[in-house]
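Chemist: Add chain H to chain P, keeping to what the hints say.
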Amino acid sequence: MEGKIIVVTSGKGGVGKTTTTSAIGAALALEGNRVAIVDMDIGLRNLDVVMGLENRIVFNIVDVVQQKCKIEQAAIRDRRIENLFLIPASQSDNKDVLSTAGIERVAEDLRKQFDYIIMDSPAGIERGFENSIVGASEALVVCTPDVSAVRDADRVIGILYSRSLTPKLIVNRIEPGRVKRGEMLSHEDVMDVLAIELAGLVPMDDKVLISSNTGTPLVLQNDSKAGQAFKRIARRLNGEADLPFEAPTDRSSMWGKISRTFGLR
Amino acid sequence: MINFESVAPVKLKGVGKGFWITLDPSQPEKILICEIDKLIRKLKHLAVNADLVLDVGDAKGHDALIEQIKIYLRENFELGHIGTSPVKRSVPLERIRQRDLSSGWNQHRSDVLMLRGRVRSGQAINAKKHLVITGDVNPGAELIAGGDVIVLGKLFGKVHAGYPDREDAIIFALGFNPSHVKIGSISALGSEGGGGSSSEFASVENNKIIIKDYMKASPFRRLPWPEAI
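Read top to bottom, the protein sequences are chains P and H.
Here the first sequence is numbered in this note's numbering, starting from 1086 and rising by one per residue.
Here the second sequence is numbered in this note's numbering, starting from 13 and rising by one per residue.
Chain P extracted, bound-state conformation:
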């Protein structure tokens, strides 16, 4: 059976595409799948840093597309999680070096070798974004609960639809306390505007920054709320479509405390 290529995109930068890509990739690998994570942000690579694999880069995706090396040579195996591989971006090239035909050919090869290929798309809707959706069979749109991210995600969703991709939504960095105080959009508000199928809700978590800086996989940290949320998203992608959604809650609330006391959550 051929693998699935899932592109992670958002339109706006800084909403957590790279974190999402690495966390979902790692979680899918933990579920027993053979997973390749591909950094498509040519010229501005950082997925290798987030995954803690920056010191082991020899070849990159540009080399693979330009047939300077094989996929096996460019794919870096993660030592902590079995079956997890990273194909890094090039830091010295720009986004125009990749040809559509070349990407399609590599996508075909990747499908044969892996169960899941997660593509980290660059921000924007230009060439880099176009390249990253060329071979995709599924799309995840990451959106934070703020007006500008929603606007950009909406634009990207429109483009994905026009390419016959039906995207799913990840609402990232939800802060229930701020939602309650009316300082932030709720995930319902975001879903109301974007109106696509939900893939998961991810709460704001300080551990994400630490994990990214130290290059340790978020999903291996059992006390990370975001990590657990990404694990649930991976399970949904991996066939557990009925897994219920857990709306992030404000743990400091009185009701939360009472609920926990009585073992309700």
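Where hints are given, some of them may not hold.
[Stated by the list, open to error] Capping the alpha-carbon separation at 25 Å, the derived lysine to aspartate or glutamate pairs in DMTMM-like fashion look like this:
| id | chain 1 | residue 1 | chain 2 | residue 2 |
| --- | --- | --- | --- | --- |
| 1 | H | Lys170 | P | Asp1231 |
| 2 | H | Lys170 | P | Asp1148 |
| 3 | P | Lys1253 | P | Glu1273 |
| 4 | P | Lys1097 | H | Glu154 |
| 5 | H | Lys170 | P | Asp1277 |
What the hints contain is simulated information worked out from the structure, not anything from laboratory work.
Modeler: Same frame as chain P, but now just chain H:
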């Protein structure tokens, strides 16, 4: 048939149970009253309890004059009801009604563009004439229509109705909250936050775009008959 081209300032004609007085409102009030007085006095007992219609033809803005004449007549004669002529319907309107009465819209070909679904950010929809969208219009989307814009959903984004210069167009939405509205050549910025909870419409009044509650001030409620557009 009343002769509107008559040079006489006042003319009287028997109509059904009463009389029809056609008067020239450009004449001074005194002359008119004097003439009417003469005519009614000639009628003698026939004028008692007779209904009277005061007709100024197509002239407008003579309500005060008619009121003065009415007061004079009530004080000096024992007439029945004193009224004014009903508003004359123009011939084309009659024809439109006849056409609509015979379901003329069965043969009507329309340029109305009707779409269903969500209009997303970055999408621009151009309609030659009226535009109907059954769905939401997201922030960042743009609608341009030669006629009215009707959104059966939440309207955010930018809307231009009556493109390029029809200022009789309206913009309606079940949830009215556009970022920018333009009707013909008149534009206005949308409201910041809030709004959008009730069905509202925008139209042009005195060269300004006015937003009103649709259920309270529907612009189409005045139309007595369905018209094909």
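Chemist: Please flag the earlier hints that this structure goes against, numbers listed from lowest up.
Modeler: When the structure is compared with the hints, only number 2 turns out to be violated.
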